Amino acid sequence: MPEASLPAHGYSGRLLVFEGLDGSGKSTQAMLLGKWLSSRGYRVFTTEWNSSELVSSVIRRGKKKGLLTPTTFSLLHATDFADRFERRILPPLRAGYLVVCDRYAFTAFVRDAARGCDPDWVRTIYSFAPRPDRVFYFRVPVQVTLKRKIASRQKMNYYEAGMDLGLSDDLHESYERFQSRLKAEYDRIAETDRFTVVDSTRSVEAIQAELRENLGPLLDHFPTGERMVHDG
Amino acid sequence: MTDRTYGTRLPGMPSEPLTGKLVVIEGADGSGRTTEVALLKEWLEVQGHAVVDTGLRRSDLVSAEIDRAKQGHTLGATTMALLYSVDFADQLENKIVPALTAGSTVLADRYVYTLMARAVVRGASREWARELYGFALRPDVVVFLDARPEILLHRAIAKYGSLDYWESGMDLCLSRDLFESFFLYQEKLSHEFDWLAAEYGFQRIDANRAPEQVHADVQRRLAPLYGAEPSPPSTPDGAGRPPVSRGRRKAASA
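Chains A and B, in that order, give the protein sequences.
Residue numbers for the first sequence follow the working numbering, so the first one is 1 and each next one is one higher.
Residue numbers for the second sequence follow the working numbering, so the first one is 1001 and each next one is one higher.
Rather than coming from a laboratory, the hints here were simulated on the basis of the structure.
Check before you lean on any hint, since a few could be wrong.
As the list claims (entries may be wrong) - Cut-off 35 angstroms, straight-line C-alpha distance, at most; resulting in silico cross-link-like pairs (DSBU-like, lysine-lysine):
| # | chain 1 | residue 1 | chain 2 | residue 2 |
| --- | --- | --- | --- | --- |
| 1 | A | K183 | A | K149 |
| 2 | A | K63 | A | K155 |
| 3 | A | K64 | B | K1021 |
| 4 | B | K1021 | A | K155 |
| 5 | B | K1159 | A | K64 |
| 6 | A | K63 | B | K1021 |
| 7 | B | K1188 | A | K64 |
| 8 | A | K63 | B | K1159 |
Stated by the list, open to error - Facing chain A, from chain B, some residues (calculated, C-beta under 8 angstroms):
| # | residue |
| --- | --- |
| 9 | D1060 |
| 10 | V1062 |
| 11 | L1075 |
| 12 | G1076 |
| 13 | L1082 |
| 14 | L1132 |
Claimed, not checked - Covered stretches of chain A (in silico footprint by chain B; criterion: 3 or more residues with CB under 8 angstroms from a CB of chain B, positions within the stretch not fixed):
| # | region |
| --- | --- |
| 15 | 72 to 78 |
| 16 | 82 to 92 |
| 17 | 121 to 128 |
| 18 | 182 to 194 |
Nothing here was measured: the structure is a model prediction, and the numbers come from that model.
Even for Gly, the Cβ is constructed at its ideal location relative to N, Cα and C.
Throw the hints in and build the complete structure from the sequences for me.
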């Protein structure tokens, strides 16, 4: 059964979402797109969903005590997202901005599904978040993200590697297996959630050009403003 | 494992049956809830049942964050509702389920219904609140201590000398006057509890009376669950005792 889709928003702004695995290149693309939109005179607000201080401190504590479960993990991230949504996404959306979100509720849908939470339950919890006007899904093989991760010398974190699921004692192997689960789930919902799938194995320039072209019709009747705000 | 929850699968639940009983006491601040929980615990233990008590905002995981949020009043309604759900889920999985697996009675001083009512009066839909807590275990019995707002006000003043900001729903901006806000807020909550009582089959008890009368009534409702006879009225020694608890306990207002 296809899960319930998010409700449409009736605000004057537009919601553009970037989704994909870590290392899929979506953050770079979101940043470049924001610059371009801003240079074209649109009012743009870009925001990313990384763990806030609230969530990271709880996760640290939970990990130390071994207390976090798929359910508390899911609800904790929902809390964090709600905070971001109420504070960072909704106000500019209502004020008529182009809101560019690096990760949105879909990140939670795939991550929580990979941890065994009931997908319908997760979707209901996030039903306060409206359906974006565009979701770009940066599809890339897990092996590519792994290479990028190693090349950039980023540390793999425990939960990002799905170590709490006991898939493997080896951090790299667990990461690969968990990220494969996430990718399978992204691929599965890509159609039902009407993602615009972007082949992210290509060059940065080629992808950016595709995004700009894709947004043409959506921007045609959208008013321009004067400044760009970044949610550092 | 959805047979004992309200419909949502809880990943990672033990496969053993939950042999203990889950007894929930709901009611507003000043409804005599905390006193009744203490009396009930005593009564059950005298009968030889192991009792684990639990309540809201007692998890190690996020209670500090909740306290901080309440000080600053900075979180939105949805965020706050979800933060409470983390606290509840943590206690459910790390305290309630293990205790029930071990055959203990879990005595809950408030449960998801209070959280649902609070979320709904702050703008959430009933549907959303019900689905959010779909992972909660179905209690064996929910006792609802129903008291009139005038009684609640009287008891709050007698106990604290003033009204609490949150228990008066001041964050809802119903009125700038604390007393007026208190009555408007309690009225909204009461409306929500009426719905919850019907939806979830609460045992409603008239809590406008003295603690001993309320307790005798609660005993009668619980007796069938334990196949026990209600004990005679509490001795003066036991009746006025302060709440006893094994673990750390916080003020009951959450």
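Results for each hint:
1. A:K183 with A:K149: Satisfied, since the Cα-Cα distance of roughly 16 angstroms is no more than 35 angstroms.
2. A:K63 with A:K155: holds (17 angstroms)
3. A:K64 with B:K1021: Status holds; Cα separation ~31 angstroms.
4. B:K1021 with A:K155: With a Cα-Cα distance of about 46 angstroms, the restraint between K1021 (chain B) and K155 (chain A) is violated, given a limit of 35 angstroms.
5. B:K1159 with A:K64: Status violated; Cα separation ~39 angstroms.
6. A:K63 with B:K1021: Holds, at roughly 30 angstroms.
7. B:K1188 with A:K64: violated (41 angstroms)
8. A:K63 with B:K1159: Distance of about 39 angstroms is beyond 35 angstroms: violated.
9. D1060: holds (7 angstroms)
10. V1062: Since chain A brings a Cβ to about 6 angstroms from V1062 (chain B), closer than 8 angstroms, the hint holds.
11. L1075: holds (6 angstroms)
12. G1076: holds (3 angstroms)
13. L1082: Nearest chain A Cβ about 4 angstroms off; hint holds.
14. L1132: holds (6 angstroms)
15. 72 to 78: holds (count 4)
16. 82 to 92: This one holds; 5 residues, not fewer than the three required, reach chain B with a Cβ under 8 angstroms.
17. 121 to 128: That given contact holds, which follows from 5 residues of the region 121 to 128 of chain A lying within Cβ reach (below 8 angstroms) of chain B.
18. 182 to 194: Violated, because only 0 residues of the region 182 to 194 of chain A bring their Cβ atoms closer than 8 angstroms to Cβ atoms of chain B.
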